[in-house]
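Trainee: Each chain is listed here by its residues.
Number of protein chains: 2
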Amino acid sequence: MESSIGATEGQERPTLAYALLTDLYQLTMAQGYWACDKLDEEACFHMFFRETPFKGGFAVACGTSQLAEMIDGFHFSEDDLAYLGGLDAPGGGKLFDPAFLDYLRDLRLSVDVDAVPEGTMVFPMEPIVRVTGPIMQCQLLETALLNCVNFQTLIATKAARVCLAAQAPVAEFGLRRAQGAGGSLWASRASIVGGCASTSNVMAGKMFDLPVSGTHAHSWVMAFDDELTAFREYARIFPKNCVLLVDTYDVKQGIENAITVGLEMRAAGERLSGIRIDSGDLAWLARYARERLDAAGLTDCGIVLSNDLDEHTIASIRAQGAQVSSWGVGTKLACAYDQPSLGGVYKLSATRMPGDERWTGRLKVSEQSAKLTLPGVLDVRRYVWGDGKLAGDMVFDVNEPVNAEGVIIDPADILRQKRLGELSYRTLLAPLARDGASVLSAEERSATSARERTMAGLEELDESQKRLLNPHSYPVGLEEGLWHRRARMASDLRGCRGVV
Amino acid sequence: MESSIGATEGQERPTLAYALLTDLYQLTMAQGYWACDKLDEEACFHMFFRETPFKGGFAVACGTSQLAEMIDGFHFSEDDLAYLGGLDAPGGGKLFDPAFLDYLRDLRLSVDVDAVPEGTMVFPMEPIVRVTGPIMQCQLLETALLNCVNFQTLIATKAARVCLAAQAPVAEFGLRRAQGAGGSLWASRASIVGGCASTSNVMAGKMFDLPVSGTHAHSWVMAFDDELTAFREYARIFPKNCVLLVDTYDVKQGIENAITVGLEMRAAGERLSGIRIDSGDLAWLARYARERLDAAGLTDCGIVLSNDLDEHTIASIRAQGAQVSSWGVGTKLACAYDQPSLGGVYKLSATRMPGDERWTGRLKVSEQSAKLTLPGVLDVRRYVWGDGKLAGDMVFDVNEPVNAEGVIIDPADILRQKRLGELSYRTLLAPLARDGASVLSAEERSATSARERTMAGLEELDESQKRLLNPHSYPVGLEEGLWHRRARMASDLRGCRGVV
Numbered sequence: 087m088e089s090s091i092g093a094t095e096g097q098e099r100p101t102l103a104y105a106l107l108t109d110l111y112q113l114t115m116a117q118g119y120w121a122c123d124k125l126d127e128e129a130c131f132h133m134f135f136r137e138t139p140f141k142g143g144f145a146v147a148c149g150t151s152q153l154a155e156m157i158d159g160f161h162f163s164e165d166d167l168a169y170l171g172g173l174d175a176p177g178g179g180k181l182f183d184p185a186f187l188d189y190l191r192d193l194r195l196s197v198d199v200d201a202v203p204e205g206t207m208v209f210p211m212e213p214i215v216r217v218t219g220p221i222m223q224c225q226l227l228e229t230a231l232l233n234c235v236n237f238q239t240l241i242a243t244k245a246a247r248v249c250l251a252a253q254a255p256v257a258e259f260g261l262r263r264a265q266g267a268g269g270s271l272w273a274s275r276a277s278i279v280g281g282c283a284s285t286s287n288v289m290a291g292k293m294f295d296l297p298v299s300g301t302h303a304h305s306w307v308m309a310f311d312d313e314l315t316a317f318r319e320y321a322r323i324f325p326k327n328c329v330l331l332v333d334t335y336d337v338k339q340g341i342e343n344a345i346t347v348g349l350e351m352r353a354a355g356e357r358l359s360g361i362r363i364d365s366g367d368l369a370w371l372a373r374y375a376r377e378r379l380d381a382a383g384l385t386d387c388g389i390v391l392s393n394d395l396d397e398h399t400i401a402s403i404r405a406q407g408a409q410v411s412s413w414g415v416g417t418k419l420a421c422a423y424d425q426p427s428l429g430g431v432y433k434l435s436a437t438r439m440p441g442d443e444r445w446t447g448r449l450k451v452s453e454q455s456a457k458l459t460l461p462g463v464l465d466v467r468r469y470v471w472g473d474g475k476l477a478g479d480m481v482f483d484v485n486e487p488v489n490a491e492g493v494i495i496d497p498a499d500i501l502r503q504k505r506l507g508e509l510s511y512r513t514l515l516a517p518l519a520r521d522g523a524s525v526l527s528a529e530e531r532s533a534t535s536a537r538e539r540t541m542a543g544l545e546e547l548d549e550s551q552k553r554l555l556n557p558h559s560y561p562v563g564l565e566e567g568l569w570h571r572r573a574r575m576a577s578d579l580r581g582c583r584g585v586v
Numbered sequence: 087m088e089s090s091i092g093a094t095e096g097q098e099r100p101t102l103a104y105a106l107l108t109d110l111y112q113l114t115m116a117q118g119y120w121a122c123d124k125l126d127e128e129a130c131f132h133m134f135f136r137e138t139p140f141k142g143g144f145a146v147a148c149g150t151s152q153l154a155e156m157i158d159g160f161h162f163s164e165d166d167l168a169y170l171g172g173l174d175a176p177g178g179g180k181l182f183d184p185a186f187l188d189y190l191r192d193l194r195l196s197v198d199v200d201a202v203p204e205g206t207m208v209f210p211m212e213p214i215v216r217v218t219g220p221i222m223q224c225q226l227l228e229t230a231l232l233n234c235v236n237f238q239t240l241i242a243t244k245a246a247r248v249c250l251a252a253q254a255p256v257a258e259f260g261l262r263r264a265q266g267a268g269g270s271l272w273a274s275r276a277s278i279v280g281g282c283a284s285t286s287n288v289m290a291g292k293m294f295d296l297p298v299s300g301t302h303a304h305s306w307v308m309a310f311d312d313e314l315t316a317f318r319e320y321a322r323i324f325p326k327n328c329v330l331l332v333d334t335y336d337v338k339q340g341i342e343n344a345i346t347v348g349l350e351m352r353a354a355g356e357r358l359s360g361i362r363i364d365s366g367d368l369a370w371l372a373r374y375a376r377e378r379l380d381a382a383g384l385t386d387c388g389i390v391l392s393n394d395l396d397e398h399t400i401a402s403i404r405a406q407g408a409q410v411s412s413w414g415v416g417t418k419l420a421c422a423y424d425q426p427s428l429g430g431v432y433k434l435s436a437t438r439m440p441g442d443e444r445w446t447g448r449l450k451v452s453e454q455s456a457k458l459t460l461p462g463v464l465d466v467r468r469y470v471w472g473d474g475k476l477a478g479d480m481v482f483d484v485n486e487p488v489n490a491e492g493v494i495i496d497p498a499d500i501l502r503q504k505r506l507g508e509l510s511y512r513t514l515l516a517p518l519a520r521d522g523a524s525v526l527s528a529e530e531r532s533a534t535s536a537r538e539r540t541m542a543g544l545e546e547l548d549e550s551q552k553r554l555l556n557p558h559s560y561p562v563g564l565e566e567g568l569w570h571r572r573a574r575m576a577s578d579l580r581g582c583r584g585v586v
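In order, the protein sequence lines correspond to chains A and B.
Counting in our numbering, the first sequence runs from 87 upward without gaps.
Counting in our numbering, the second sequence runs from 87 upward without gaps.
Just so you know, the hints here were simulated from the structure itself, not pulled from any lab data.
One should not assume that every hint holds.
Not everything, but these chain B residues come out facing chain A in the computed CB check (under 7 Å) [to be verified]: (1) 115; (2) 177; (3) 221; (4) 233; (5) 262; (6) 289; (7) 301; (8) 306; (9) 444; (10) 448; (11) 547.
A few chain A residues that don't get close to chain B, going by computed Cβ distances all over 10 Å [claimed, not checked]: (12) 158; (13) 177; (14) 336; (15) 429.
Glycine residues also receive a C-beta, built at the ideal position from the N, C-alpha and C atoms.
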């Protein structure tokens, strides 16, 4: 029962074997650290992104539940080691030293990991995950960590945007267009974290205890000699769950056939829950269908819309006066069609020699100031106005004093500053793993609990920050001392002096 | 050792449990077919797409190796059945009938599946996969089939485009930005099928026997006190595999440090394989680096470029005269950034009652002629000119006579016709499963064999059909008789007559 990515046969989640789910260079660098005697050097890495996805005003953190699984299941099996031992170096000989593979055989993680809880609103340049521990271990986690947090944060954010636009239950049903089976499972979970009411993905429902839902397909109608017979049979078999898809042949005729069946159901003491329209001019057809249903007395029959929807088409359909009881959203959500990747990065920010108390900040410089990384061991203070709305976030070094006035400075623009000192705040990073083992509770891993955090987090944002287009940007700055330390380090590394 | 999606601990691939990897409505419809006594009705479904991805001229079929796995592993476990048995219907009561779940417990697939081999060039409106068998079984496979064939065909096609542009080895290293762990594994495999030389994804390398490759990261350089020391240490540890990343602090200084190490390696009888540039103006920096390396006598040191590349940026960099020995392509390939989903569909095309010999064609009509489905049990003839280049494809019904002149008609435009009768042809669909069990050989499941088919298939296309922008469209048409049968069926279903 070992080894799987995202699927499970038994009630218990299996032990996962993620150690090889990494870029080859992480393993060759690991051998490098081993060969350089850097095994006891400690490092601190942070995962953060530089731009909010979908040109939006916020992102919804997600993926750290899978990260906890990855950490708990991290080990190299004999089979993994045999595979690595067989790899050739391009220039001749074997790529890996057998003594290094022996080291990997006995390797057990000892890192500490802190992360913002799933469902937390996150913004550019703030650490979402912090990993501290032996530098080699930090790097061996990098690729898998980025894979799960980037992807799931992206999808949870997309789902939140779609749900903000819909203002009615949204069912995610993107499995057939999702990027692979494993990807689809975590995409379905992230959709729930972001606010969706249900998913069509049965395996995801089972694995993550998510609400599942569905109607029927065009093929059901095509499998009968005529549409009315297909509808009647469906209503007979599923009287408690009857939503009829009306656009297999002709939407108007389909609506009339659904009304016939809806009245027959009513006469039999049942209820037609709804009709679904999956093609055509959805805004016009939804209004037309509502009129026809109401005229027939089926005012309690809902209308479900689907067909390549996203937050923008949903907003447009609602603006045109369609009354929609629920929405089905597939492709555009499950693969985040308009931006299918979040560019989150994982950067070394500090190192510490064995026996040292103090950390040494590390920085990667670049031609563009916006691409500077952040030095130190960091956390985030989230400041809150008296009315409960968020005022701004401060990225600060946990080992340095924080200026008393609570001054934050935009990472790329010293002229943009804010003083938050008199407001109350909370810090964002919470323990995820200690000494290489996850410390998350079942509640902290639950998708539906994370969805509650998402809902509460959206409440704390101003409407202008939640706009789909051109949102007001949420203030995130570096603690004043951190800003200046970083500027000095950058100019030192570039070999010039005195800029700041 | 049961149950996993894409990962495996042992040498043997585990039995996969994919039955729940489906939309809920497939299972409720299955219960419907069971309740309607349609268990013995046979159906024929085809998977096809309507538009070539990336506005390109071709697609590379991929995903049927995973489909074969899904079919072989298809079963409902006791745990799956317990989960389904616990689901509530929205209107009250349980969603599934216990007697139906008993039926699922004993269900073994008996479908026949035919598919084009992986690495085959495919075009709009032609069947890539054909499934025939009991209608319920055909539908229970739909979602998972679409998931794997849509996604992997998309990525293999993207990889082929990138490799056409690169004309040098391409390493896929998109794992950190791929859509989930499971998705990344099949994406890496599909990248190899499409033509990539290697992947950074070690787990994918192990699972699918793919070439793996990698260099080192910026963090390696940052973990030392200075870049030159970091380079020297890397060269000492990996003298047979030394590619140095030169842009951690300053690219020009990085190149000089790499040259220093390259000359030291030469003096020691080793060779600096290459340098990698991962930021900045890649076209300019590659030319600059080539000059500096040549001036230092390191003419055998290659240049590797990476940083958000796709086929268009690669073509532009090459057009500016950069001499690049290999390319690293991540995000834009692994999630097919500019079109992250292929809209392939799976449509019912024929049904047959128990005991019948003949199939009855089925059609879904739509307001748009282009969205008509295809009726019948179909295959594709691929016609070839005397010089080996492809002339065009005919979609035909295997149970109907094919017109002797080999006339094909554009599915959406009767005025576009072609006569191919005098050319030689081959048919595309090949057996993938018989009576519910895969019949693919190990060679037919191999990614590297599929890559050879991709290379051969690209050779058969005209250059104009492989252009990245505005390619010449490849002729695909319906066999003349099929075209007219479909038109008659459509007008009958719409209730009008005599259009054709």
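Trainee: Now look at each hint and say whether the structure bears it out.
Mentor: How the hints compare with the structure:
1. 115: 5 Å, holds
2. 177: 3 Å, holds
3. 221: 6 Å, holds
4. 233: 6 Å, holds
5. 262: 4 Å, holds
6. 289: With Cβ-Cβ at 4 Å, under 7 Å, it holds.
7. 301: Holds, because the Cβ-Cβ distance from residue 301/B to chain A comes to roughly 6 Å (cut-off 7 Å).
8. 306: 5 Å, holds
9. 444: 16 Å, violated
10. 448: Hint on residue 448/B: holds, closest Cβ of chain A at ~5 Å, below 7 Å.
11. 547: Cβ of residue 547/B sits 27 Å from chain A, so the hint is violated.
12. 158: 15 Å, holds
13. 177: Residue 177/A not clear of chain B: closest Cβ-Cβ about 3 Å, inside 10 Å.
14. 336: 7 Å, violated
15. 429: 7 Å, violated
Hint compliance for this structure: hints 9, 11, 13, 14 and 15 are broken, all remaining hints hold.
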